[in-house]
Every structure is written in C-alpha cells, then in structure tokens.
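Residue numbers (the numbering used here), protein chains in the order written: chain C, 1 to 119; chain Y, 120 to 233.
Worth double-checking, as some hints may not be accurate.
Claimed, not checked - Listed next, the in silico SDA-like pairs over lysine to any residue satisfying Cα-Cα at most 25 Å (straight line):
hint, chain 1, residue 1, chain 2, residue 2
1, C, K3, Y, P180
2, C, K38, Y, E120
3, C, K3, Y, N175
4, C, K38, Y, T128
5, C, K38, Y, T221
6, C, K38, Y, E220
7, C, K38, Y, L158
8, C, K16, C, V46
9, C, K38, C, N76
10, C, K38, Y, G177
11, C, K38, Y, G122
12, C, K3, Y, G159
13, C, K38, Y, G159
14, C, K38, Y, P127
15, C, K3, Y, N178
16, C, K38, Y, V214
17, C, K38, Y, P226
18, C, K3, Y, L207
19, C, K38, Y, A121
20, C, K3, Y, Q156
21, C, K38, Y, T124
22, C, K3, Y, A157
23, C, K38, Y, L207
24, C, K38, Y, S205
25, C, K3, Y, Q163
26, C, K3, Y, G177
27, C, K3, Y, F179
28, C, K3, Y, R176
Unchecked claim - Pulled from the structure, derived: some chain C residues nowhere near chain Y, Cβ distances all over 12 Å:
hint, residue
29, I11
30, T20
31, N58
32, Y64
33, N67
34, S74
35, N76
36, T80
37, A81
38, D86
39, S87
40, T116
Because the hints were derived from the structure by calculation, they are not lab data.
We treat Cβ as the ideally placed atom computed from N, Cα and C, and that holds for glycine.
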Amino acid sequence: AQKVTQAQTEISVVEKEDVTLDCVYETRDTTYYLFWYKQPPSGELVFLIRRNSFDEQNEISGRYSWNFQKSTSSFNFTITASQVVDSAVYFCALSEANAGGTSYGKLTFGQGTILTVHP
Amino acid sequence: EAGVTQSPTHLIKTRGQQATLRCSPISGHTSVYWYQQALGLGLQFLLWYDEGEERNRGNFPPRFSGRQFPNYSSELNVNALELEDSALYLCASSVGQWGQETQYFGPGTRLLVL
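Please model the entire structure based on the sequences and the hints provided.
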C-alpha cells in the first residue's frame, strides 16, 4: 500500500533562513508521481511541483528547490531565504499508476508540515 | 483563467441530515476529485469522476456519494450526517482521464455537523 511520511510536524524559522521539508514515500509500483502542495490559512491547496518516478532530475524554481532520490524514496523540498509569506502547511503527495502509466486518480498525502516563518 | 470553484463556502447541518456540496472544474478539465480534510485525519481521497463516470472511490461508507454532470461539474452528497463528517471538503480537477495529471484544488467547503 502506498504511504507518505512527513516526519516534521512543525518547523519554525526566522525570515531569510533556509528550510528543508522532508518527505519519504512507500510504493510497490515502478511508475508513480510525486507532488508538493502548499495550504495557506485560507484552506485552498496550491500546486507547487510534480515529479514522475522516471525523472530524478532535481528542480529549482526561484527560491524553491526539490531533491528527488529514488534510492532513499525521498522527495525533499527546500525553501531558500524564507519569507513570512511562506508560512503555510506543506503537503507531499503520491499518486500510483499501473504499468501503462494510468493512475488510480487518488493522491495519498502526508500529514503535512506546518511552516512558520517569523519576521 | 478561473480556477476550481466550490459552493457553498460554509455549510452547517445537524446530525442525520443530508448535505450537498458542489464543484465546478477548471475550463477544459474533465476529471473531478473529492477529498475530505478532517482534523487529525489529514487529507483523505473520496471520489474520482471522469466523463460522468465514477472511476475510483476511497475508503468511505456508501452514504458518501456523488455524480458528475455533462458540463463536468460535480456534486458530493453526504447522507445521514454524523458528527465526524465535520471537515473541509476539497474538490480538485485535472485534464484527461488517466488519473495521473496534476490535480488543481478549489477553496473547499467547510461542513459543520451539529
């Protein structure tokens, strides 16, 4: 069965600090998709990034970067020079797929990491 | 481009009643997904609809049901409401019918059961 673990329940940093949010996943499928979402206090989940299991390239988007390592089943998210606006709950999610790449439509989410950035 | 919209934003019901939640996907998206976010339980997958058909269902009792209309909007119905149904219900949409496309979420409906 698929499972996503975000071991850090809460992280508190001061503005301009770098912060890494950990995500470890479990799946028996060879084809799967990984996601990060941000949930601000308003409640809406905001899509940040998607990664396919066969693409281990790390990605950087502005102050955000993602490190995908299949060997350790991890998909960690780093925010560089954090800002107060980064304060939110961050979710890592996994979507499994069959050999043909067709998914089951279900995202399995981790429990989320509450990030608080203090001015 | 308009995002996923959901109505109502808040809903208060009493135990035993029925609740109906609505979702309009992003234009061009044919798949709609429903999730429940209850305190302490995290985000749980409820249902996936595509082209009017239920494609997958999460581990929820049959009193959670829904449908998708020809215009791809969707309705989630919760019958015989229980106190533990109080949660934020999130709807998401995606293009295509293979289920692996990125899901874009709406603002949610907060359901409170008294």
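Results of checking the hints against the structure:
no. : hint             : result
1   : C:K3 <-> Y:P180  : 21 Å, holds
2   : C:K38 <-> Y:E120 : 20 Å, holds
3   : C:K3 <-> Y:N175  : 18 Å, holds
4   : C:K38 <-> Y:T128 : 19 Å, holds
5   : C:K38 <-> Y:T221 : 14 Å, holds
6   : C:K38 <-> Y:E220 : 18 Å, holds
7   : C:K38 <-> Y:L158 : 17 Å, holds
8   : C:K16 <-> C:V46  : 22 Å, holds
9   : C:K38 <-> C:N76  : 14 Å, holds
10  : C:K38 <-> Y:G177 : 23 Å, holds
11  : C:K38 <-> Y:G122 : 16 Å, holds
12  : C:K3 <-> Y:G159  : 17 Å, holds
13  : C:K38 <-> Y:G159 : 18 Å, holds
14  : C:K38 <-> Y:P127 : 22 Å, holds
15  : C:K3 <-> Y:N178  : 15 Å, holds
16  : C:K38 <-> Y:V214 : 21 Å, holds
17  : C:K38 <-> Y:P226 : 12 Å, holds
18  : C:K3 <-> Y:L207  : 22 Å, holds
19  : C:K38 <-> Y:A121 : 19 Å, holds
20  : C:K3 <-> Y:Q156  : 17 Å, holds
21  : C:K38 <-> Y:T124 : 18 Å, holds
22  : C:K3 <-> Y:A157  : 18 Å, holds
23  : C:K38 <-> Y:L207 : 16 Å, holds
24  : C:K38 <-> Y:S205 : 22 Å, holds
25  : C:K3 <-> Y:Q163  : 12 Å, holds
26  : C:K3 <-> Y:G177  : 14 Å, holds
27  : C:K3 <-> Y:F179  : 18 Å, holds
28  : C:K3 <-> Y:R176  : 17 Å, holds
29  : I11              : 17 Å, holds
30  : T20              : 21 Å, holds
31  : N58              : 19 Å, holds
32  : Y64              : 16 Å, holds
33  : N67              : 20 Å, holds
34  : S74              : 19 Å, holds
35  : N76              : 19 Å, holds
36  : T80              : 24 Å, holds
37  : A81              : 27 Å, holds
38  : D86              : 19 Å, holds
39  : S87              : 18 Å, holds
40  : T116             : 19 Å, holds
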